[in-house]
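Student: Residue numbers (our numbering), protein chains in the order written: chain U, 1 to 195; chain D, 1 to 816.
None of these hints come from the bench; they were simulated from the model.
Predicted, not measured: the structure shown is a model, and the values here were computed from it.
Some clues are possibly wrong.
If you want a taste of the chain U side facing chain D, the calculated C-beta under 8 angstroms gives, among others [stated by the list, open to error]: (1) E31; (2) G90; (3) G94; (4) Q96; (5) V105; (6) R132; (7) R136; (8) R172; (9) I174.
Simulated crosslink set (BS3-like; lysine-lysine; CA at most 25 angstroms straight-line) [said to hold, decoys possible]: (10) D:K750 - D:K774; (11) D:K643 - D:K705; (12) D:K73 - U:K46; (13) D:K299 - D:K643; (14) D:K716 - D:K750; (15) D:K643 - U:K154.
Sample of chain U residues lacking proximity to chain D, with all beta carbon distances greater than 10 angstroms (derived) [to be verified]: (16) A35; (17) R49; (18) L50; (19) R91; (20) A163; (21) G166; (22) L169; (23) E178.
Just so it is clear, CB atoms sit at the ideal spot from N, CA and C, and this is done for glycine as well.
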Amino acid sequence: MPRQPIYRRLGQRQTQADHEAGMGAYASRIERFVAETQVLMVYVEKSLRLQGAEVDLEGYRFSSRMVAERFAGAGAALVMGASVRPEDFGRLRGFQDEGDLQQAVLLDAVLSEKVDFALDFVEQEMRVELGRSGRRPGRRLSCGYGDFALEQQKYFYATLELARHGITLSDRFILSPEKTVTALLPIYQEKEDHA
Amino acid sequence: MLNFQQRLQQGLVLLDGSTGTMLQKSGMPAGASPEVYSLEHPEVLQELQRQYVAAGSDILYTPTFGANRGKLKNFGLEDKTKDFNARLAELTLAVARPAGRLVAGDVGPTGLFFAPFGETALEEGIAIFSEQVRALSSAGVDLLVIETQIDLQEARLALLAAKEACSLPVIVSMTFDEHGQTLTGSDPLTCLNVLQSLGAAAFGVNCSTGPELMLARVREIAPYARIPLVVKANAGLPQVVDGRTVFPMTAEAFSRFTPDFAAAGVRVLGGCCGTTPEHIRLLRGQLQRLQPAPPVPAKRALLLSSPRRTLEIAADPPTPLRLVGERINPTGKTDLQEDLRAGRMERVKTLALRQQEDGADVLDVNLGVPGADERELMQRAVAELALLTPLPLCLDSSSPEVIESALRLYPGRALVNSLTGERAKLERLLPILRAYGAAFIVLPLDDGGIPETFEQRRAILERIRERCTGLGIRPEDMVVDGLALTASANPAQAAVTLETLRYAARELKAATVLGVSNISFGLPARPVLNRAFLAMAAAQGLNCVIADPGDAGLQDMRLAVDVLTGRDPASRAYLERFAGRPPDAAAGRRDAPAAEATLREIVLQGGKDRIEAALQQALERNPDPLALLEQQLFPAIQEVGEKYQRREFFLPQLVAAAETMERGVRWLSPRLSHDAGERKGTVVLATVLGDIHDIGKKIVGLMLKNNGYTVVDLGKSVDAETIVERAREHQADVIGLSALMTTTMSEMPKVLQRVRRELPRVKVILGGAVVTQKYADEIAADGYAADSVQAVALVESLLHAGGPHPRKGRRLDAAS
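Could you build the full structure based on these sequences and the hints that come with them?
Tutor: As structure tokens, this is what we get:
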């Protein structure tokens, strides 16, 4: 996975190389954390119907004007999720509990960017896959923004069977490990153009 | 009909254009599998392929890009893999053969992520590709093309499977993003080096970008290509227009890049997504006017690759002396031996990272320990180190089986330590080295032992070279070890070693390596001898040294030697290391005790393990703890904050310094008089209800403590009532609220309302990734801080400078 996003999260400016930014001393620890942690990716495609602000994912319905507007024209959606292993997150909590904030900050940056990378990886794969069959992905959207209520996490949780991977959902719809990210990716059909 | 290799010798070769996008235009429904559609509508596919033939394509791709078990499983058709590949290949052959065109069996990615980076086992990947390749080969295709690969390891596995399943030539084509990397972080040169060494017949780039960016990639790698280069670009970068993905580059514009590609050394061209028979027709027109560029011999260099980086070892112009780190070796290290017997890898990883930090270019990995499964250990080490370090590996084992299993797994191009003239080694190891395309160290010894004279060594090297040439192994893949023997036992051997190096460099034109420390075994002042020998060997053309990268004196000598042998133009590396050093500074080991650092330096360096001892010494010199606190520690942490604001320090340095300061203050506190220890105020911190993020809040708390505040951290997901009660209990001056989610920000106004009603004198400040100054103003908070340094400044200004705080929480200096 690319390292630059990790360094940017730790404050490095985009134009600076690692050694110039004085981050060289931390590079080895970052590399160790990248090597030792793993990320989980799960996704499944569902057909999508939109009517007004109502969103229907193969029988699961909820209201969100934001989703309806952003996903207008999409006939399907990829329900996707990525997370870190519980033991990796436990290690992060351990650093914090022990007061070793420096390690915690480095590991936190690695885990956060790894999860984002996992979703990017899936999107990239889908882009090629969908392109071959006359479809294309749009921009992904996570619940908890606008009127795409955080409550919809329960749908992601159930559909992606996240419990099997040691992920829990609180009664306030917070996924734990807290690095767990879910998203909906719209899938559009290309308009037909018969030559 | 000419085969692929013969066709290449005739001139530039033209592939076809896109299949997927053209099938869509011909009516393939959205969401359909192109493989299934082609089987159900063979006339549509074949008509398209006839158009490519008419446009001038020399080679047609079978429509089997997604016809591997991994992808067909998505449609529940995995059991039809063999059948689909055979039938789809037949359709293309039926068009190509009557027209005298070649057919390439198209193999695309599986969508799986393979070991060591992913969870799918290596052999499972090879089995998936093998199944498809066998079916295509049996159907009668002329070559294979492994294309649109985004992961170097997957491309390797596909190529290995192809080589093991058939004898067809294989093109391997990778996809790079606009930054010139695969999705998993490999650059074009690394991919070229690994795949051409592994036996690809041609290497290419396809998809993702248009011709312009691909030209840049080709120019980067052309000097090192020993096999033909292939380009199959998209018709520009895709844009979405009116709900359709459009590839905007016209056929004319697309074809205009052809002369540039030919001049850059590309021998095979085609079109990917968005290209049409018209694009191919115009490409053909351009090709007819062009002659291929005269073949330029690839640069004579040895390239070693990790998955992320390629190291060049060359004689002309000479590259700097490369350092092979020797520390991952259990000989004489009982702790490492114990770890390996117990299957623990921690120490191996630590040694790898330390050598990397010390400047190693390659890492030698030797894990042979009696009582341990060396094969299993080596596989684990290769898997871990491939992830951990960008340095290429040197696999060091006397067992060909261990070497083979590691080479099969390693997603790079390794150096193998080592091959000798012993008959068993030549018979068993040489074919393995050839099969995996590894570079290898050659020791000039044989079944008769280590020869005493140079002439005997030369005879062994020549015999080995002959065997290599017979197997098609290039001399450039050999690295001749000068084989240093201890000078105390036989002083004349040093000269034999030097002569061996000179011969290898000048006559064999091979790279050379030397384990310098052998020369001084049994003698005092070993580092002195080692460095002297290194300098002498470098003068004979030595390319690599096997040594401890932590030996600073050896590193100094290495850089000096590079200057004196012309390997460091403008003495750049030398100046970087030595500029500013006092003229008589003696180099020593990296772990020699440093000169005593000041308290300020220790805080800035984040030396929390040194602060207490340093404070003890400082107090002994000047028994005034308050002065230490106010005149040294506080200014130091303020300087850290200023460096952070100026982007000279980043978050890890800030935290390291803050932790050091905290430890120092904790140590000093019992030694301060009561009033001297008085705190500046009390701050209660909490992450609001429903939010569980708190690492940023902890850093804020640490910085506030270091700046003289009492901090009460209430933790995560704290409701408004509890925050107010606890603030009352601790007589807080400031409450700091943190939220990292937009959904939890809404708790902040609730806390604010209660505070205003029940604790009107208490200030409330906000922080967290989703919070902004604007939001803080909207809900009438007393301030917002973007980071921990701003938080300290904000609290200072609220409690000790009076009046409304500056907009961005900038610290007021004493004068304002």
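Student: Interface hint check: U:I174, Cβ to nearest Cβ on chain D, cutoff 8 angstroms. Holds or violated?
Tutor: Holds, about 6 angstroms.
Student: Check whether the Cα positions of D:K750 and D:K774 lie no farther apart than 25 angstroms.
Tutor: Holds, because 17 angstroms separates the two Cα atoms, which is no more than 25 angstroms.
Student: Tell me if the interface restraint on U:R132 is satisfied: Cβ within less than 8 angstroms of some Cβ in chain D.
Tutor: 4 angstroms, holds
Student: In terms of Cβ atoms, is chain D entirely out of 10 angstroms range of U:L50?
Tutor: 15 angstroms, holds
Student: Is the claim that U:G166 lies outside the interface with chain D correct, judged by CB distances over 10 angstroms?
Tutor: U:G166 clear of chain D: closest Cβ-Cβ about 15 angstroms, beyond 10 angstroms.
Student: So is U:R49 really clear of chain D, every C-beta pair being over 10 angstroms apart?
Tutor: At roughly 15 angstroms from the nearest Cβ of chain D, U:R49 sits farther out than 10 angstroms, so the non-interface label holds.
Student: May I ask you to test the interface hint for U:E31 with respect to chain D, counting a Cβ-Cβ separation under 8 angstroms as satisfied?
Tutor: 5 angstroms, holds
Student: Quick one, are D:K643 and U:K154 close enough, alpha carbons at most 25 angstroms?
Tutor: 44 angstroms, violated
Student: Quick check on U:G90 please, does its C-beta sit within 8 angstroms of some C-beta on chain D?
Tutor: 14 angstroms, violated
Student: Sort out whether U:K46 lies within 25 angstroms of D:K73, counting only the CA atoms.
Tutor: Within the cut-off at roughly 17 angstroms; holds.
Student: Given U:Q96 as an interface hint, is its Cβ closer than 8 angstroms to any Cβ of chain D?
Tutor: Since the shortest Cβ distance to chain D is 6 angstroms, the answer is holds.
Student: Decide, holds or violated, for the assertion that all CB atoms of chain D are farther than 10 angstroms from the CB of U:E178.
Tutor: With a cut-off of 10 angstroms, U:E178 comes too close to chain D, as the shortest Cβ separation is near 5 angstroms.
The earlier numbered hints that this structure contradicts are 2, 3, 13, 15, 16 and 23.
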